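Please build the complex by placing chain B with the ligands on the supplied structure of chain A, with the hints as guidance.
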Amino acid sequence: MSAPPVGAVGREHPRLEGRDKVTGTARYAVEYPVDDVTYGWAVPAAATRGRISRIDTAQTLAVPGVLDVLHHGNAPRLAPGVDDTLFLLQEPTVHYRGEFVAVVVAETLEAAREGARLVRIDYDTEAHSTVLSPHHPSLYRPDTVNPGYPTDTAEGDFDAAFAAAEVQLDTTYRTPAYHNNPMEPHATTARWRDGRLLVHDSTQGSTPVQATLAQLFGLPPETVRVIAEHVGGGFGSKGAPKAPVVLAALAARQVDRPVRLALTRQQLFGPIGYRTPTIQRVRLGADADGRIAAVCHDAISQTSKVQEFAEQTAVYTRSMYAGRHRRTTHRLVRLDVPTPFWMRAPGECPGAYALESALDELATACGVDPVELRVRNDATVDPDSGQPFSSRNLVACLREGARRFDWADRDPTPGARRLGRWLIGTGVAGASYPARSRAATATAAAAPDGTFEVRVNATDIGTGARTALWQLAADALAVPADRVAIRVGDSDLPPAPVAGGSMGTASWGWAVIRACEQLRQRLRDTAVPAEGLTVEVSTADEVRAQRPLARYAYGAHFVQVRVDADTGEVRVDRMLGVFAVGRVVNPTTARSQLIGGMTMGLSMALHEEGLLDERYGDWVNHDLATYHISGCADVERIEAYWLPEEDPDLNPARVKGIGEIGIVGSAAAVANAVHHATGVRIRDLPIRLDKLLDRLPAG
Amino acid sequence: MRAFRYHRPADVTEAVALLDAEPEAAYLGGGTNLVDLMKLGVQRPDLLVDVTGLPLDTVEALPHGGLRIGATVRNSDLAADPMVRRDHPLLSRALLAGASGQLRNMATTAGNLLQRTRCVYFQDTGKACNKREPGTGCAARHGQNRDLAILGWSELCVATHPSDLAVALVALDAVVEVHDPGGAREIPLVDLHRTPGEHPERETSLPHGALITGVRIPPLPFARHCTYLKVRDRASFAFAVGSVAAALDLAEDTVRDVRLAYGAVAHRPWRAYRAEEALRGRPFTAELAAQAADAELAAARPLPHNGFKVPLIRNLTVRALTALAGAAPR
Ligand SMILES: Cc1cc2nc3c(=O)[nH]c(=O)nc-3n(C[C@H](O)[C@H](O)[C@H](O)COP(=O)(O)OP(=O)(O)OC[C@H]3O[C@@H](n4cnc5c(N)ncnc54)[C@H](O)[C@@H]3O)c2cc1C
Ligand code: SF4
Chain A
0 MSAPPVGAVG REHPRLEGRD KVTGTARYAV EYPVDDVTYG WAVPAAATRG
50 RISRIDTAQT LAVPGVLDVL HHGNAPRLAP GVDDTLFLLQ EPTVHYRGEF
100 VAVVVAETLE AAREGARLVR IDYDTEAHST VLSPHHPSLY RPDTVNPGYP
150 TDTAEGDFDA AFAAAEVQLD TTYRTPAYHN NPMEPHATTA RWRDGRLLVH
200 DSTQGSTPVQ ATLAQLFGLP PETVRVIAEH VGGGFGSKGA PKAPVVLAAL
250 AARQVDRPVR LALTRQQLFG PIGYRTPTIQ RVRLGADADG RIAAVCHDAI
300 SQTSKVQEFA EQTAVYTRSM YAGRHRRTTH RLVRLDVPTP FWMRAPGECP
350 GAYALESALD ELATACGVDP VELRVRNDAT VDPDSGQPFS SRNLVACLRE
400 GARRFDWADR DPTPGARRLG RWLIGTGVAG ASYPARSRAA TATAAAAPDG
450 TFEVRVNATD IGTGARTALW QLAADALAVP ADRVAIRVGD SDLPPAPVAG
500 GSMGTASWGW AVIRACEQLR QRLRDTAVPA EGLTVEVSTA DEVRAQRPLA
550 RYAYGAHFVQ VRVDADTGEV RVDRMLGVFA VGRVVNPTTA RSQLIGGMTM
600 GLSMALHEEG LLDERYGDWV NHDLATYHIS GCADVERIEA YWLPEEDPDL
650 NPARVKGIGE IGIVGSAAAV ANAVHHATGV RIRDLPIRLD KLLDRLPAG
Chain B
0 MRAFRYHRPA DVTEAVALLD AEPEAAYLGG GTNLVDLMKL GVQRPDLLVD
50 VTGLPLDTVE ALPHGGLRIG ATVRNSDLAA DPMVRRDHPL LSRALLAGAS
100 GQLRNMATTA GNLLQRTRCV YFQDTGKACN KREPGTGCAA RHGQNRDLAI
150 LGWSELCVAT HPSDLAVALV ALDAVVEVHD PGGAREIPLV DLHRTPGEHP
200 ERETSLPHGA LITGVRIPPL PFARHCTYLK VRDRASFAFA VGSVAAALDL
250 AEDTVRDVRL AYGAVAHRPW RAYRAEEALR GRPFTAELAA QAADAELAAA
300 RPLPHNGFKV PLIRNLTVRA LTALAGAAPR
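Residue numbers (numbering that gives the first Met the number 0), protein chains in the order written: chain A, 0 to 698; chain B, 0 to 329.
Simulated from the structure, these hints should not be mistaken for laboratory data. Here the structure is a predicted model, which is why all the values come from computation and not from measurement.
Derived CB-CB ranges, DEER-like: (1) D190(B) / G419(A): 33 to 43 Å; (2) Q89(A) / T194(B): 46 to 56 Å; (3) A2(B) / R543(A): 54 to 64 Å; (4) G147(A) / N104(B): 44 to 54 Å; (5) Q167(A) / H198(B): 57 to 67 Å; (6) S137(A) / E286(B): 49 to 59 Å; (7) D190(B) / R18(A): 48 to 58 Å; (8) P146(A) / E23(B): 49 to 59 Å; (9) T107(A) / E154(B): 39 to 49 Å; (10) T12(B) / T587(A): 53 to 63 Å; (11) A298(B) / G147(A): 55 to 65 Å; (12) E286(B) / A632(A): 31 to 41 Å.
Glycine included, every Cβ here is placed at the ideal spot set by N, Cα and C.
Looking at chain B on its own, in the form it has when it is part of the complex:
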């Protein structure tokens, strides 16, 4: 493992300045992903700037509704926060469906959003991977790709983003607060992660050294009427094979508004805009939910081993929405 220096900055400005000055430095949150990748030789920072001591560890209600979550709030604390549980239960559900108690105790909000793909080839320096080493090829494209993308992939990379939290946040129109040398700014979470395109090595729209300081969730009147369904290969402690985050607002039987996002299907948490569009303003039925899913999944291009994800996501969409609509559970 490469020898590295370790630093705990006094404030956000110092943290940002440090990374700005050091091209091979990295922020350290709970370390549950970064440190593993350092041991494997996949990431090799020479300086770790530990941000967990920064005063970014609170969850606050915003004046006009909505929530602000500090970047270093631990996943366990976020999931257990009474405000989150009451007003944004989608976050608690997504978080508690992920990882293990021990990992959630360490993992931070920002670290969770920026965790790297679990593509097995990415994690093995003995295998070809464009994300890890641009230009070496994508071993997964014609290799073991059951767990990988069906949407938005490119020939250069077919990886998925593994976070459950990000799927819930992207459904809730979350906004990411970022500090970089130019100052503070905001990015809609849906624009934070990229599709791989020609540059799978670039996972987010953040430049080197940009520090996530928090995540804001705008008020959403029907945020409590939500569900997170996660399918995985064993009952606990496994990444999603596919997941759906949904919130539904019905007026009589008509869909007044809806939020829908998919996990484990693409290089980024996948906001299902097309499906939402197909639902809004229409009388809700299970058939409509299926049509909406089909509208979103029309663009799906399954890989040799993951064709099942298309019906899986479709079924999950129908189940999530019919459950929220109070229709008789199947």
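Okay, chain A solo, but in the shape it has when bound:
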């Protein structure tokens, strides 16, 4: 489509900090050398619902090296009403098992941990409810769903159109709780000096952490500084401030020394958020050729009693495929559980699993090829808003994927291909993810020696964001990239939104490009003065003035699996994704994001599952030996491609965002392939071998 890129953008480049990371010199939140540092250990509640009636810290305080124990009875006070999940150590109430109810501070990590074991807490407990069910008495309709979508939508007359449809499909899909497991746990180093608070936090956005801490502790924001130079992953779970940063700041204030506090792997299973379990009913009414006339997606998920979080599970269905009569609903059940939160493509990921599975079932029911079925149901305008698309290349992704995957030769019969003990099958799914931008501020500074420094409080959570911004800056300045330095990950830098919603590069890049362009403009007429020249740009007005268009990235997944006829084990031979994501700034890091998302979808389809024990009210498989996440061996061949896509109506970086689209639809493609291999449709994830074993076709 376009001429090959000149300059830095579009070129493969390893991450700028890659060498520091692999040589161990990149510092993470609790790795900065700090004089006089102490260690905090968070104490989880051992009750599921109730009140703390008594805390006895005598044994803890007797452990050599233990300095203090903070709890609701003695911790510094926080301002209420900021974020109820962060109103920690303020009240004796216990909302869920594992909620942090105390912090032990000690001279060593080991002493803190031993001290935490010895805190004696008595609870007045109450009966709890922790299992999501469609008939739960507390089922209710939230006012909006994350991050502000309408709860329910309706166009036309779904009921009548569904009743009149030649082909009717009515199925229910279930997904379990999924837990974010970034390599680096949520962790913080906090220190107070002269009334000022400095924290190194593992977060996806230090600007919101700064703002929240200022509110909680009643401080002017400029007295709080949050640094997140390197972050070992987040997947959404670090998209808002989480308990460790508050606990560390409280503890540091209490003992008047710097405190390091990192969660354990086990402590990540709940308190930092998780993807809610879902129960999703999908109804499709179509003609015999598979053209959808009526679509309805009813999603039920859970929230906590601490704070509402409403996963936007059915939103995907609003804009993905055509169909005149449509309805989507969201209902929540309020349980005695931790508050669910963002996990890579919240809403779209579980929602696409259900809809893209249902489309596959519809294809089978109509005898239409599932690629063709999707093509037939392509939308020309956004069925939800009625707005035109800025660009929509779903069909192109499907066609290109089908070509690369040799889809044309596929025999549609389920359970019909056998190679020795293996049943072989292939599956397809579509994908889309909103392409949004938010306002950001950046500065660009020129130095007399011909170098530049660009600053924006972006966060690089391991994605390569820093590198992409550096490439964008170099081209906007029209200078070789080695003369440009980029600074991110510090709340002292110009404010910018979190790394989330796949809008980082779009939003930060917008501000970076504008700042660089303005600087370049200024330098047309003036030489760089001795003290340097800096321009600062906010994109608030420009972002607000965007044309109202439906902006989405699209993709198509193709998967081949084999299923062991004796054991039910599913192995993935090949995953292939084709994406239309606007311009790709850095193919190296883009590919990592896309195949990472695809693998995470595979992990969702086959492996991940929080196993709740109702009696205790928490997930019992809370480590990486028992909560299985796919590894390299779980997919033998994985390929991601992108179409050249020039969308003039996006943002100056001309990007759509690539962090999440890879996971959307990926689980459905795996599940569809399993069905094609075996003839067995598993509608509750994960597709474990024991769900297949007694249903496989005889050899």
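Chain B with the ligands in isolation, oriented as in the chain A frame:
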């Protein structure tokens, strides 16, 4: 974490004497299991006696055939040993099907045999577990028990033994060499691990302070004709959901001799004597293999979440034996 002392003994005698004198001491091998459990507060020794410096790190051929494996030989070294690979490939296969490269580099032979169950309730001090705290109850019995036992469990404990190596060794009639204050002795490996019965807290027949110094494998003429099949929830780096170790000796079409053991089905590596009995002396067919498995699994009492293990083990038995018999692979 409880503060502990650390000691590297000069020889076996010193190691044994140290543990004999210290009721809360523990031997430390690679630490890949013990140290994790110490961090979790599940095990709380006050003295670690690190045995990895003892001269127990060699694999030797025995004069009349067979093999002696030192207790501190690392799992990686054992799996890669040319003699093991040639004469006892079952061990290499079982080892390489387990854990990860990094863990195998640290893990020792004895540590592997004595690793604790992966029952999730055992590893969480906030949950009831008779094995960890006798008398508190077994949370797994009516909880999440998909991965746990179908054979030999008791109402007090339904845990499984997680080792792959132990399954292979128990199939090969391995004998464990032990030192305790009374001196050196030997225990057939099949008698090392217990079923839980009334005392799930007692996992082995070893008293406190008994040091495993090595494992002996007696000569077995058909040891090379073996296979280890392991089913797991992902392609690598996962404990077995079920496993089968098998070695087969066919004369013409008749089963002259056979060794069969099951993993992840019981509190100990499960030697399938009944199945072996059903096979010996009979003309081999896939049906016979299935009948043999059924004979062994007749005693199975699946838990609410693990009924699938019965057909799974049956299918694995048939596949393992038919493959060894050279029958057409299914
Ligand atoms: C994530 C993960 C996945 C794993 N996957 C698998 C798998 O798939 N299959 C599998 O088989 N294993 C697996 N393992 C377990 C691993 O094999 C064991 O942790 C390892 O073999 C233990 O050996 P070690 O030397 O480190 O034992 P240690 O942790 O040092 O010790 C274990 C026990 O043995 C005792 N001990 C050690 N040496 C002696 C001795 N000479 N005499 C008497 N007592 C002794 C110790 O006191 C302790 O009680 C996995 C482990 C992890 C962490
Ligand atoms: S099965 Fe055994 S180890 Fe697991 S909880 Fe019950 S007693 Fe404890």
